[in-house]
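J.: Here's the letter readout for the chains.
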Amino acid sequence: MIPELGHFAIIIALLLAVTQAVLPLVGAQRGNLTLMAVARPAAQGQFVFLIIAYACLVYSFLVNDFTVENVARNSFSQLPEVYRITASWGSHEGSLLVWVLMLAFWGAAVSVFSRHLPDDMVARVIGVMGLISIGFIAFMLFTSNPFERLIPAPPDGRDMNPLLQDWGMIIHPPMLYMGYVGFAVAFAFAIAALLSGRLDAAWARWSRPWTTVAWAFLTLGIVLGSWWAYRELGWGGWWFWDPTENASFMPWLAGTALIHSLAVSEKRGAFKAWTVLLALTTFSLSLLGTFLVRSGVLSSVHAFATDPARGAFILGFLAVVIGGSLILYAWRAPKMITGGAFSWFSREAMLLANNVILLAAMGSVLLGTLYPLLMDALGMGKISVGPPYFNAVFVPLMAPALFLLGVGPLMRWKGDSLPDIATRLKWALAVAVVTGFALPFTLEGFNPWASLGFFLAIWIILTVLIGFRERLKHGARLSSLPRGFWGMQLAHFGLAWGIAGMTLVANYEQEKDVRMNVGEHTTLAGYTFTFKGTTEHDGPNYRAARGTVEVSRDGKLLRTLHPEKRIYNASGMPMTEAAVDYSLTSDIYVSLGEPLDDEAKAWAVRVYHKPFINWMWFGATLMILGGFLAASDRRYRIAVKKLEAPAGSQGAAA
Amino acid sequence: MKRWIPLILFAVLVGFFAKGLFLNPREVPSPFIGKPAPAFTLPVVGAAEQTFSPEEMKGKVWLLNVWAPWCVACRQEHPLLMSLARDRDVAIVGLNWKDKDREAARLLAQHGNPYVAVPDDLSGKAGIDYGVTGTPETYVIDKSGLIQMKHVGPITPEIWEKKFEPKLKELGA
Chain D
0 MIPELGHFAI IIALLLAVTQ AVLPLVGAQR GNLTLMAVAR PAAQGQFVFL IIAYACLVYS
60 FLVNDFTVEN VARNSFSQLP EVYRITASWG SHEGSLLVWV LMLAFWGAAV SVFSRHLPDD
120 MVARVIGVMG LISIGFIAFM LFTSNPFERL IPAPPDGRDM NPLLQDWGMI IHPPMLYMGY
180 VGFAVAFAFA IAALLSGRLD AAWARWSRPW TTVAWAFLTL GIVLGSWWAY RELGWGGWWF
240 WDPTENASFM PWLAGTALIH SLAVSEKRGA FKAWTVLLAL TTFSLSLLGT FLVRSGVLSS
300 VHAFATDPAR GAFILGFLAV VIGGSLILYA WRAPKMITGG AFSWFSREAM LLANNVILLA
360 AMGSVLLGTL YPLLMDALGM GKISVGPPYF NAVFVPLMAP ALFLLGVGPL MRWKGDSLPD
420 IATRLKWALA VAVVTGFALP FTLEGFNPWA SLGFFLAIWI ILTVLIGFRE RLKHGARLSS
480 LPRGFWGMQL AHFGLAWGIA GMTLVANYEQ EKDVRMNVGE HTTLAGYTFT FKGTTEHDGP
540 NYRAARGTVE VSRDGKLLRT LHPEKRIYNA SGMPMTEAAV DYSLTSDIYV SLGEPLDDEA
600 KAWAVRVYHK PFINWMWFGA TLMILGGFLA ASDRRYRIAV KKLEAPAGSQ GAAA
Chain C
0 MKRWIPLILF AVLVGFFAKG LFLNPREVPS PFIGKPAPAF TLPVVGAAEQ TFSPEEMKGK
60 VWLLNVWAPW CVACRQEHPL LMSLARDRDV AIVGLNWKDK DREAARLLAQ HGNPYVAVPD
120 DLSGKAGIDY GVTGTPETYV IDKSGLIQMK HVGPITPEIW EKKFEPKLKE LGA
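Just so you know, the sequences run in chain order D and C. 430 is the number that numbering that gives the first Met the number 0 gives to position 431 of the first sequence; each next residue is one higher, with no gaps. 91 is the number that numbering that gives the first Met the number 0 gives to position 92 of the second sequence; each next residue is one higher, with no gaps.
Rather than coming from a laboratory, the hints here were simulated on the basis of the structure. Quick caveat: nothing in here was measured; it's all calculated off a predicted structure.
In silico lysine-lysine, PhoX-like type, Cα no more than 20 Å apart, as pairs:
#1 C/K97 to D/K600
#2 C/K166 to C/K34
#3 C/K57 to C/K34
#4 C/K34 to C/K124
#5 C/K142 to C/K34
#6 D/K600 to C/K99
#7 C/K1 to D/K334
#8 D/K413 to D/K266
#9 C/K168 to C/K142
Isolated chain D (complex conformation):
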């Protein structure tokens, strides 16, 4: 009964999405206010019905209703309750429902926070989001119904993928989807602007907070995913250039370019056509990511169950949405007037350079991700593209962008003078070069890659400080600086901190793969690891061999770690559960490999020393906070009042 209610709620949501798409768009084209007014209630109604549907799905998981195929495939009676809830988005069908729920959430949010926008703009934006909803809800209903019944019901479920039974996975997918789908708002604004022909600074200002918030969510989602991979995959790595990761990284790169380019379009009215194209590209990459992950065209370690019918549907949808928007762009873009001339040495030029580099980096990731597919389609054999390609291409591309990141925010709009900038920045540059070069010598000796990383991190941090100092020198007080400025500084500082962490962990991590008998020890990075053997341990839905490894330094016991090798009851899947000792300056990471010898109780044990890896997560957290801070800038709210004021005075006059 409950699953049918959920199914029915999705159907109503689809009908509301159709209403939300058709009536307001027609109304906006004809200037019919009644039709345009349908937009808000339809968007909110769609959101309500998807909440109902989602609640029904969670309920089915909670009560272990194995007559629902989705539950039978992805849950298990012994699965702890919290994972039964998260199992609702662990499957393809369930995650699709979360996806449309998020989309409806953003639609409802636009309907609430858009009082200051002209009616036709709101109608168009919400209408376009309705169109996207239609596609996804139809996809769900026709190819991947999360409430499909399975009769007769199996006695028990097949269990959730053990890899996903981790609390990092509880919030990773919803955050990632919030980001992915959030770019739909920027996309809808761009389409609305193209449709109405009103591509002005106001459009850029309206898009900015939405885009920045979506970007912050996407960043959060990616970081959680990376952190999960680090803890859960047992290999101690945090980024694998896997197609699924790339699928989220490409919209992130394009989205980063977009928030910078929107800044120029708002402040200077320059390169608007480029900004619109970026907004279309960013969301298109989100859709592309969905297609790549779910259609099975690429082989990935954590892809969903794949099905060519689904792939064909998403591809068709992709072709309509992206193709349609690019046709609209080609048709309308030439009519856009580009304002605001600027010299090659100006803040605009720096931001343009940053944009070009970010997109080139995105393109290189896209090429690396799709290359196996292209080769295969051309009949040129099966190949796989791995980290060596990505590291070789990506790092040299990003280094100049990071250098410019230091200069850009300190430059004046329209044009600046090179000698002037040089005087303002010469000390920062000198300090960054010297310390960057010298730091590796205090660690392990000359290392150009580490030097480059340190140089960039120090350079960005110093320029952030200079940015504050110059503002204060011109009479501003810290408390009076706008949140947009704080957000930018915080995000840039966080990036620098993260780069420092990445540099340290990439260049100075140590690992060892050893065979250990009970009582034996090994040393790494000054720490001594003593293996005390394993004991049997029963979890709620798995059996585990739990190892005991004592970590000591200079004869003093620091910490006892318990890495586990688990066998999950329902799937029989083995899982490595690493044990990590986290600290501000380094992580000590121990994972159990294979039992080597039953008699002697020897195991293959992997130990890692990861210096400063936590700095990456801290830095990323600051970037996310910076994004939210910038999106909450007063400017976006003042704009509301300015627009409302004339309306009020008119009322008084009348």
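We have chain D already, so just place chain C on it with the hints.
T.: For chain C alone, kept in the frame of chain D given last:
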């Protein structure tokens, strides 16, 4: 013209994706195709004094099915293997891979045994010689002992009809 560039690039991508939908990225060509099946001599499940080695199958077209009692997907294909052994008289050897819990004999007694022999690869070494990446995997080996085909994942009736049957016919089984 410039404004049409994004659309053209996208159209090219869509073309590739459409093609890609009909390709299988997991279908990795095995370097063992056309090579002699690696030799091994292993004890047989349920009869520890007997051994099995691929030599014994010379002159026959046979399947080497790598399976394990702990492997859920293997259970999916088990009924199909049963019907193949019973109705089509296909010779299937079931390499019991890394069966640490010693469950194979019990399982085969309970659900039926489609295999002409079940060599017991406890250490997993024979499987590795064949380039096994996971269970189940099935190799088609011809009369002269050369590996002619490899299939990764469970065999479904559809896959059997499309992939295995023509190959077996070609090899004169």
